[in-house]
Amino acid sequence: MTESGFKQENVSSGWPPAWPYAYGGPLDDGDYRATPEDFVVEECLDFAPEGHGEHLWLWLEKRDLTTLELARRLARICDVTQRDVGFSGMKDRVAVTRQWLSVHLPGREAPEDLAERLADDRQGPPVALLECRRHPRKLKRGVHRGNRFMLRVSGEAIEHPQFTARWQRLCELGVPNYFGPQRFGPGGRNLLHARGILARGWRKRDDREGMMLSTARSYLFNELLAARIAANDWATPIDGDVLILDGTASQFVAETIDDELIQRAARLDLHPSGVLWGQGGSLALYEAARHEQALVAGHGELCAGLERAGVRLARRALRVRLSAPELTRDERSLRLRFELPRGAFATAVLRELIAHPTL
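Numbering (the UniProt record's numbering), first residue to last: 1 to 359.
The reader is advised that the hints may include incorrect statements.
Unchecked claim - Within a straight-line C-alpha distance of at most 27 Å, the following computed DSS-like cross-link-like pairs (lysine-lysine) qualify:
#1 Lys138 <-> Lys91
#2 Lys91 <-> Lys204
#3 Lys91 <-> Lys140
#4 Lys140 <-> Lys204
#5 Lys204 <-> Lys138
As the list claims (entries may be wrong) - What follows is a set of in silico ranges between Cβ atoms, one per label pair, in the way DEER data are often shown:
#6 Gly25 <-> Arg329: 41 to 47 Å
#7 Glu301 <-> Pro325: 24 to 30 Å
#8 Arg141 <-> Ala304: 42 to 48 Å
Worth flagging that the hints you see were computed from the coordinates, not collected in a lab. The structure displayed is predicted, hence computed values, not measured ones. Note that beta-carbon positions come from the ideal geometry of N, C-alpha and C, so glycine has one too.
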């Protein structure tokens, strides 16, 4: 057992971990991705391409395709290296997703048949070119504000008499900001791979996109969040918490918690945060710091491996707000619409509502 009270997982046989739920667990069996069209994701930027510059920005719709696969296809079609293709976020494969990608094309145009070649199903799942505009700069990772989700959910869970009430609680009180199961791969295989890479010493050539580092940090964060949910202090600040202002990267240390901070947390104006492990000292103090120290006690090899890899310590909110939430029903299913900030997972919302093998 770790100091946080959770059994250290044998990834190959004990996946998924029994991370606790915030609102009593899923209501019943459900399905949320019978087809890619049941899981629609649209990237939200706070700005638009300027209409001039060396980089061609493309607003693309893909289906049954990863963002990395799409980037490789664009590089081939435009005769550039993959380093010349930029994107902000990795989007789900089994989904219909819309996002911007950029291609560095100084002094030249994209192929005249770019749209046709993207749509050619002989190259893989067809991709629709919805818009293209020039911009002076490459699209960098993590610049989008968030993602808008439109999910179709079916199964016994949606007929549960408490489903609508549970949905309202998520809207009013927030959602545990777990990293979703897609981060860890089928059966937790990504985490198993990450353990091996970090144990022998992380090298860029073994993890070009840094996904194994991200997987390890995500797992540790989920362990910390699980411990805070078990202690019933994941949404309410405790002494020594590093608090993050909702919708921003601004954060501050609260050595002591007063009524004003508790009220602001209740309004979802601010959230307790957890550590994304790496080099550098954590600002957390007192009880909040003890939660983080428990990670070292329970997962020392992962923590040390991340530090040796040189990744810098960061923080992530333990709770996330659902923006513009909407629920509509038809005869056999319902649709959930909401927006989440960058890095948050729709599957973290769904796991509080339905039981499903991938959640």
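Which of the numbered hints above does this structure break? Those not satisfied are hints 6, 7, 8.
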